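From first to last, the protein sequence lines are chains C and H.
Each step along the first sequence adds one to the number in this note's numbering, with nothing skipped, and position 166 is 189.
Each step along the second sequence adds one to the number in this note's numbering, with nothing skipped, and position 142 is 165.
Note that these hints are calculated values from the structure, not bench results.
Fair warning: this is a prediction, and the values are worked out from it, not measured in the lab.
Even glycine gets a Cβ: it sits at the ideal position worked out from N, Cα and C.
Keep in mind that a hint or two might mislead.
Calculated pairs, DSSO-like style, for lysine-lysine (alpha carbon to alpha carbon, straight line, at most 27 Å) [to be verified]:
1. H:Lys38 to H:Lys65
2. C:Lys42 to H:Lys38
3. H:Lys207 to H:Lys293
4. H:Lys253 to H:Lys233
5. C:Lys253 to C:Lys274
6. H:Lys220 to H:Lys245
7. H:Lys181 to C:Lys38
8. C:Lys245 to C:Lys230
9. C:Lys230 to C:Lys143
10. H:Lys34 to C:Lys166
11. H:Lys38 to C:Lys166
12. H:Lys274 to H:Lys181
13. C:Lys34 to H:Lys166
14. C:Lys38 to H:Lys42
15. H:Lys38 to C:Lys66
16. H:Lys220 to H:Lys261
17. H:Lys253 to H:Lys207
18. H:Lys220 to H:Lys293
19. H:Lys42 to C:Lys34
20. H:Lys166 to C:Lys42
21. C:Lys166 to H:Lys42
22. C:Lys220 to C:Lys230
23. H:Lys166 to C:Lys38
24. C:Lys38 to H:Lys66
The calculated label-pair distances, taken between Cβ atoms and stated as ranges, are [said to hold, decoys possible]:
25. C:Asp272 to H:Asp192: 34 to 42 Å
26. C:Arg200 to H:Ser281: 54 to 62 Å
27. H:Lys293 to C:Asp124: 35 to 43 Å
28. C:Phe26 to H:Ser142: 41 to 49 Å
Below, each chain spelled out in residue letters.
Protein chains: 2
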Amino acid sequence: MEFVQTIQETKNIIKEWEKSGFTIGLVPTMGFLHEGHESLIKKAASENDKVVVSIFVNPIQFGPTEDLDTYPRNLDRDKKVCENAGTNLIFNPAPEEMYFDNAVTSVTVGELTNGLCGSKRPIHFQGVCTVVSKLFNIVTPDKAYFGEKDAQQLAVIKRMVRDLNFDIDIIGCPIVREEDGLAKSSRNTYLSDSERKAALVLNESLKLAKKALENGEVHASKLTHVISEKINSEPLAKIDYIEIVDSIDLKPVCKISSSILVAIAVYIGKTRLIDNFTWNTNDNK
Amino acid sequence: MEFVQTIQETKNIIKEWEKSGFTIGLVPTMGFLHEGHESLIKKAASENDKVVVSIFVNPIQFGPTEDLDTYPRNLDRDKKVCENAGTNLIFNPAPEEMYFDNAVTSVTVGELTNGLCGSKRPIHFQGVCTVVSKLFNIVTPDKAYFGEKDAQQLAVIKRMVRDLNFDIDIIGCPIVREEDGLAKSSRNTYLSDSERKAALVLNESLKLAKKALENGEVHASKLTHVISEKINSEPLAKIDYIEIVDSIDLKPVCKISSSILVAIAVYIGKTRLIDNFTWNTNDNK
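Could you build the full structure based on these sequences and the hints that come with them?
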């Protein structure tokens with residue numbers, strides 16, 4: 024496994040691989056890898072000749088009051104996870120390698136970034152789309168892998184790839200959960216013991232909503248109510264948003280008649296966690 | 024020479040070329056080709072195995088009051104110009120081929136697009152950067168060719184390519200002029216006979232500024248005065264802007280001490296024309 028910190032060296036290795044006709048899978052990450060990332064890397068390894076994992080805590084996708092400085096890091100462990108999961112190259116640039124002081128170019132995906140996390144984190148998706156565009160141009164992968172936990176990110180990246188004609192297949196991979204149901208996240212490490220228990224309320228509230236759908240509920244407002252009631256029953260939890268949206272264009276839906284995304288963001292103490300599921304009206308048939 | 028109207032067919036041909044190891048030069052145009060474009064195509068043909076010319080009047084770079092509907096077109100003549108200059112593939116998509124109805128992704132280059140044409144045409148450069156990004160992803164050229172007449176566009180594209188890590192060399196090519204000095208432009212066709220004569224004032228005013236620089240002038244305000252006095256002497260001409268800026272970051276300069284761009288936009292009747300020259304302080308040594 025190669026460990027590379029410069030753009031040029033990465034490009035050089037990629038060019039050699041392309042000359043040999045190898046297909047390339049990219050897994051963009053911010054490091055502090057968990058089993059969710061691992062599942063992306065393994066899937067990439069099963070579908071491509073070569074796998075690149077980028078590990079880069081991207082400063083421009085964090086707002087001024089967010090957790091850029093405290094975002095958890097453990098490069099030594101990340102290297103082991105990558106190696107074991109079948110990575111061929113880790114790309115781990117410093118921020119100054121990725122951004123010139125006078126960098127002024129950004130990629131934005133309108134509309135899809137207005138709601139959900141986009142409305143709470145106004146610069147977030149511009150930062151994500153810009154860095155992902157850069158990674159795509161540096162690594163030129165055939166396929167790129169993103170977790171379905173960041174459902175809005177996945178929808179936004181898919182739209183960006185379509186709109187800008189990137190010749191890359193975007194592969195979404197299922198949420199990986201702890202045994203008790205909490206979605207894996209690098210930010211789970213922020214939680215105290217009592218918060219860790221309280222965090223179960225995210226998945227549990229979604230399970231209630233799913234049950235309601237299975238029982239034939241078609242009103243988004245009822246689903247929202249089911250979820251909010253459950254979350255509000257947990258004293259350490261504070262709702263950031265509960266949204267029922269079309270799974271493709273992320274526009275809010277009132278009556279469930281197509282494929283929907285049920286997405287929530289909840290503060291557990293000071294830690295903001297997200298979770299979601301998608302539901303197709305055919306799922307009940 | 025291939026003439027292709029779909030993205031997929033273009034990609035297929037490009038992939039075959041890449042398999043054969045051919046280098047590819049791209050000349051993005053809006054058609055109605057003149058000797059300026061021809062010089063770009065010939066340069067591309069001399070430096071690459073294959074040359075792609077895109078002919079696409081890009082709707083998203085025109086403001087609502089601009090000349091999208093009347094922009095001159097002559098595809099038959101364009102094909103001949105392309106063939107004679109050494110083009111291998113013309114990519115001529117319809118607007119619906121390039122933009123889905125629900126396209127929402129855009130590429131912006133901040134700061135560099137605040138002044139000059141950017142301040143007069145607020146959505147222009149976002150439209151340019153977005154379509155050029157798309158063309159880069161579709162054609163994946165090794166080199167792309169742009170005229171120095173659109174000096175701000177050239178600086179903006181160079182910055183975009185650097186910031187987003189496109190692996191493409193951007194080649195600027197000198198302004199091609201009519202015998203009497205008017206910069207070649209597809210929009211020159213809008214001019215009446217008297218306007219055509221009046222339009223000479225653009226180049227003539229720039230020549231006066233250049234002479235002042237050669238004579239040691241270092242104050243931007245003096246250059247602006249020389250240019251505006253000349254343009255104002257022509258009754259059919261109306262100044263849109265006169266700007267003296269750093270040639271790389273396009274920030275206004277007061278005292279000339281580096282490489283500068285002297286750029287003007289002038290209405291001749293209803294037709295807006297641009298012209299410019301770059302000047303390096305070393306040019307006098």
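key: Unsatisfied constraints (hint numbers, rising)   = none
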